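Respectively, the protein sequence lines represent chains A and B. full-length UniProt numbering applies: residue 1 is where the first sequence begins, and numbers increase by one. full-length UniProt numbering applies: residue 1 is where the second sequence begins, and numbers increase by one.
In case anyone wonders, no lab produced these hints; they're calculated from the structure. Just so you know, these numbers come straight off a predicted model, no measurement behind them. Among the clues, some could well be false.
To be verified - Computed spacing ranges between beta-carbons, pair by pair: (1) B/R51 with A/K108: 16 to 22 Å; (2) B/E134 with A/E111: 36 to 42 Å; (3) A/R261 with B/E134: 49 to 55 Å.
Claimed, not checked - With the Cβ distance kept under 8 Å, some of the chain A side facing chain B (calculated, not the full set): (4) L59; (5) I117; (6) Q120; (7) L283.
All C-beta atoms, glycine included, are put in the ideal place defined by N, C-alpha and C.
There are 2 protein chains.
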Amino acid sequence: MKKVGLKEIAEHVGVSTALVSYVLNGQAIEKQVNKETAEKILSAAEALNYRPNQIAKSLKMRKTHTIGLVVAEINYRFSTGITRAIEGEAKKNNYTVIYGSSNENQEKFAELVNVFINRQVDGLILVPAEHSEEQIRFLQKAEIPFVLVDRNFPDIKTNYITLDNYKAAYKATEYLIATHHRRICMVNYKTTLFNLLERNRGYRDALKDHKIPFKQKWLQSINVEDIPQALDHVLTATDPCDALFFATDTLALHGLKYLNRKKLNVPGDVSVLSFDESDAFELFYTPITHSRQPLEEMGKQAVNTLLELIDHNKISKQISLEADLIIGKSCKES
Amino acid sequence: MKKVGLKEIAEHVGVSTALVSYVLNGQAIEKQVNKETAEKILSAAEALNYRPNQIAKSLKMRKTHTIGLVVAEINYRFSTGITRAIEGEAKKNNYTVIYGSSNENQEKFAELVNVFINRQVDGLILVPAEHSEEQIRFLQKAEIPFVLVDRNFPDIKTNYITLDNYKAAYKATEYLIATHHRRICMVNYKTTLFNLLERNRGYRDALKDHKIPFKQKWLQSINVEDIPQALDHVLTATDPCDALFFATDTLALHGLKYLNRKKLNVPGDVSVLSFDESDAFELFYTPITHSRQPLEEMGKQAVNTLLELIDHNKISKQISLEADLIIGKSCKES
DNA sequence: TTACATACTTTAAACGATTAAAGCAAGGGG
DNA sequence: CCCCTTGCTTTAATCGTTTAAAGTATGTAA
Chain A
1 MKKVGLKEIA
11 EHVGVSTALV
21 SYVLNGQAIE
31 KQVNKETAEK
41 ILSAAEALNY
51 RPNQIAKSLK
61 MRKTHTIGLV
71 VAEINYRFST
81 GITRAIEGEA
91 KKNNYTVIYG
101 SSNENQEKFA
111 ELVNVFINRQ
121 VDGLILVPAE
131 HSEEQIRFLQ
141 KAEIPFVLVD
151 RNFPDIKTNY
161 ITLDNYKAAY
171 KATEYLIATH
181 HRRICMVNYK
191 TTLFNLLERN
201 RGYRDALKDH
211 KIPFKQKWLQ
221 SINVEDIPQA
231 LDHVLTATDP
241 CDALFFATDT
251 LALHGLKYLN
261 RKKLNVPGDV
271 SVLSFDESDA
281 FELFYTPITH
291 SRQPLEEMGK
301 QAVNTLLELI
311 DHNKISKQIS
321 LEADLIIGKS
331 CKES
Chain B
1 MKKVGLKEIA
11 EHVGVSTALV
21 SYVLNGQAIE
31 KQVNKETAEK
41 ILSAAEALNY
51 RPNQIAKSLK
61 MRKTHTIGLV
71 VAEINYRFST
81 GITRAIEGEA
91 KKNNYTVIYG
101 SSNENQEKFA
111 ELVNVFINRQ
121 VDGLILVPAE
131 HSEEQIRFLQ
141 KAEIPFVLVD
151 RNFPDIKTNY
161 ITLDNYKAAY
171 KATEYLIATH
181 HRRICMVNYK
191 TTLFNLLERN
201 RGYRDALKDH
211 KIPFKQKWLQ
221 SINVEDIPQA
231 LDHVLTATDP
241 CDALFFATDT
251 LALHGLKYLN
261 RKKLNVPGDV
271 SVLSFDESDA
281 FELFYTPITH
291 SRQPLEEMGK
301 QAVNTLLELI
311 DHNKISKQIS
321 LEADLIIGKS
331 CKES
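Kindly produce the complete structure, drawing on both the sequences and the hints.
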């Protein structure tokens, strides 16, 4: 089956490609194309099973109707959730999403961004990897439309959609305090990422505002493989923690696995609160109380902000969304 | 920052775009370009931060270096696994993957395939939705390179990579029999999909070969929301089943949730065996014995088969891979 | 009869790359 | 002095679209 393009249709009907293009783009009336001719063209296109070559169209129009999305790590629940939301919203607006995962690696992040730019995406939605400030600055200088999601760099002024991490963590901590926990441990990554550090700040401020003196060892800033030592440290002390606040679902997952292994009961032996929900929580014996990010909303806002940026240029949006605290049964309510 | 193309470099150096193109494509020697000129071109490209316009290149070369991937449902573990594998292998070969999910809907499947074709993907990797035979036949007639993964239609001769579902189910059932289970229930979707039906066939043949008379009610062909009734039916009978063989991880997940709700212990009250592993199994109190598909291998084979098809045309490959039975602790070994 | 509007349709130049083919200058052989 | 190489560079067509601008034919008014 040979390719059929405008030319083939034009020959078949006996007109020029221009006319075919007009008709097929719905400009038949505007361009005053003879009705019969228009009909002939339409039915020829149908009969020959014409498929416009989007590549040629993109080249001419300098518009690919494609968004590049870079997430931090495809395995995160956050990533699949936000991807889904973004794809849905993009599709509504007739955009395709091509995406890749940086695996939290700054170089891979830069590489993906470059690949997308070469493919002439109309804009980018990015969950930036740690230390990718330089790449972001480059995008600004190059005037490439982009919006950050989930993470932003406080000292670079960009468009972004994030969670109000401070508030979410504050509220979560407050909930633990209200349910009579007094020795609350926060388990977070050892990181420089602003959004994660904001969670620590929310946690600490909540303690402070409720007059609970903070102990340094309650704030565990670790890598995921160090969960066992960290939990041992805070759970077997003379004054063991009565609640574990995990700053991400991945940390919580590993934490819960460790608790299972140690046969520690949740919430009997220790209360657990998580940020976000992992699929894996579904079969844990107790529903995990967690702070839920509005992924749908984030994705929607991200796409819409980006499209505004692409179409009308030069807008500035910094959006903070609020998390919902979903009450499960993983915190003792005594 | 205005766009820099071949033209800008050419002007900057004072040569024609042809020369620039040659040098930038590593044909400097072949085309006997003056060494100094070549160097000037290269450094100009660097200095101006030249990025080739892949769209223009694709149009000219009639090659996009893009693969279209359609999965059945983004939420399946199988889908994320195979996507990951395919992306990895594609990247190794300098291909980009654009993908979409049909959500098991035949029309959405066809639509996605069309979008990809319009975008001039070089080939397709497809997990076909139920009843999409027509679309597959169309692709064959149009001579568009594609390979099916996971699912194939026995009466259409295509290239495909699947699991040997019959054998996997046979072996799994045999394991249950070997561990002294005699009333084994198979829970599968109500479907016409060949690969899923093969699992039933494997199950039944294993029973037959071990002289266990099959009872109709042991084979539950249902929709996922009917799990509760189905399990009630087979577990509360006068002669309740001693093992549940779930044909997919999704079914198993819902089954386990139901067992949790009913406070039925695994494997104390009933043994459980699953096809594939859901992330959610991680926090179940007992590791689930399951048949594991070699996703990495499938993805790799799919990409390589497709690339052969794209490059050398006209090959025919039907590949069946074997599953591994991963022994957990969800089957009583008495 | 001329002029001009109306109703269509075609021409041809883009978009940014690739690449066969042609062009040009210098040097060597006869 | 003419012709042919060799070494290097440019010209121009092409990929499949879009779209201003120009073209043509017919009808109508002055």
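Hints versus structure:
| no. | hint | verdict |
| --- | --- | --- |
| 1 | B/R51 with A/K108: 16 to 22 Å | holds (18 Å) |
| 2 | B/E134 with A/E111: 36 to 42 Å | holds (40 Å) |
| 3 | A/R261 with B/E134: 49 to 55 Å | holds (52 Å) |
| 4 | L59 | holds (5 Å) |
| 5 | I117 | holds (6 Å) |
| 6 | Q120 | holds (5 Å) |
| 7 | L283 | holds (4 Å) |
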